[in-house]
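Enquirer: Sequence:
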Amino acid sequence: MRIDQIRSERKTVKEGGRTVITEPGRVIVEDPSGRAFVRHNDVDRFRYGARDVRVQHEGNDTRTVVVRPDGTQIININDRDGRLLRRMRRDRDGREIVIINNDYGRRGIGPGGVAAGVAAGVVAGAIGGYFVSLPPPVVSIPRDRYIVEAEDAPPDVIYDTLIAPPVERIERPYTLEEIRYSPSVRERMRSVDLDTINFDTGSAEIPPDQAVKLQVIADGMNRAIQRNPSTVFLIEGHTDAVGDETDNLSLSDRRAEAAATLLTQQFNVPAENLTSQGYGEQDLKIQTDGPERRNRRVTVRNITPLLNGGQANAAPPPPR
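Per our numbering, the very first residue in the sequence shown carries number 238; after that it's consecutive.
The set of hints was computed from the structure by calculation and includes no laboratory data.
Please note that the accuracy of each hint is not assured.
[What the hints assert, rightly or not] Here are the computed distance ranges between Cβ atoms for each label pair:
hint : residue 1 : residue 2 : range
1    : Arg531    : Gln242    : 37 to 45 Å
2    : Arg239    : Val449    : 30 to 38 Å
3    : Arg244    : Arg317    : 25 to 33 Å
4    : Arg317    : Pro379    : 24 to 32 Å
5    : Thr249    : Asp446    : 35 to 43 Å
6    : Val376    : Gly308    : 38 to 46 Å
7    : Arg409    : Gly527    : 19 to 27 Å
8    : Asp289    : Ile378    : 42 to 50 Å
9    : Arg531    : Val449    : 36 to 44 Å
10   : Gln242    : Arg380    : 26 to 34 Å
11   : Lys251    : Asp389    : 25 to 33 Å
12   : Pro528    : Glu442    : 13 to 21 Å
For every residue, glycine included, the Cβ atom is placed at its ideal position computed from N, Cα and C.
Just need the whole structure built from these sequences, with the hints factored in.
Expert: Quick look at the structure:
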């Protein structure tokens with residue numbers, strides 16, 4: 238679906254001081270401070286090749302169980318507002334590995350902090366409830382090892398970046414939402430920039446001739462996940478500052494999801510170890526209002542230490 242068609246199907250409402258825009262598969266929220274974010278449901282990516290998908294309601298929570306042909310189950314538990322509480326992988330022998338545990342973050346975020354009932358719970362909360370402001374990290378490594386350009390980096394450098402520890406001490410575990418919506422939290426982790434994929438204007442589809450550019454990233458991810466099956470990678474989508482901000486936010490999110498989908502379907506990176514988020518023009522690599530290829534990029538970041546409070550990327554205890 239192209240952005241012009243998406244734009245024609247948008248609906249906008251005002252809710253508690255926020256502007257809420259619903260469109261096919263996405264909800265975009267702008268809070269009173271002017272910060273905007275986009276949400277979609279990661280579970281849609283897990284349906285590829287599934288043998289069965291079961292949705293169960295447990296009180297105010299929803300459990301979605303995706304059963305794969307080999308009997309492996311991917312279990313996502315969301316609260317009533319769509320916020321992910323836990324994600325687990327259960328093999329056919331019943332052993333479980335917890336991949337994301339947001340349950341500890343189930344806490345009140347104050348009046349107006351939740352946009353309940355919007356688009357069947359796709360929106361979990363206003364960004365103000367999840368935004369964390371930290372001082373910029375002190376980066377003591379070379380800049381080209383902090384933000385690695387995939388186009389020129391050897392595979393070993395990419396892999397080392399994908400398993401690297403935080404550049405600064407992590408004071409506490411962060412929820413997935415805090416990580417997604419707080420640049421100063423994400424900046425604690427090194428990243429790999431893939432700005433060589435060329436999307437058609439207004440499209441989120443990755444052309445077949447561009448897909449091969451994800452191979453070295455996928456190889457590094459799969460090595461990292463073999464080392465630690467609980468590893469979680471955030472796939473970020475970014476645009477330049479040309480065009481409408483809402484369009485850019487939607488496109489960047491769809492492009493990040495397209496990259497995550499391709500990593501699974503073509504390169505066998507487990508879908509449950511990936512999450513994606515679009516940032517539109519909010520994080521320009523090159524500060525310009527004009528067209529800039531280097532700003533139209535996908536960024537990959539290992540967020541595992543942010544989720545678990547700074548623990549190293551070593552393998553977890555054996556599954557129970």
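Enquirer: Under the constraints set out in the numbered hints, which ones does this structure not fulfil?
Expert: 1, 2, 4, 7, 9, 10 and 11
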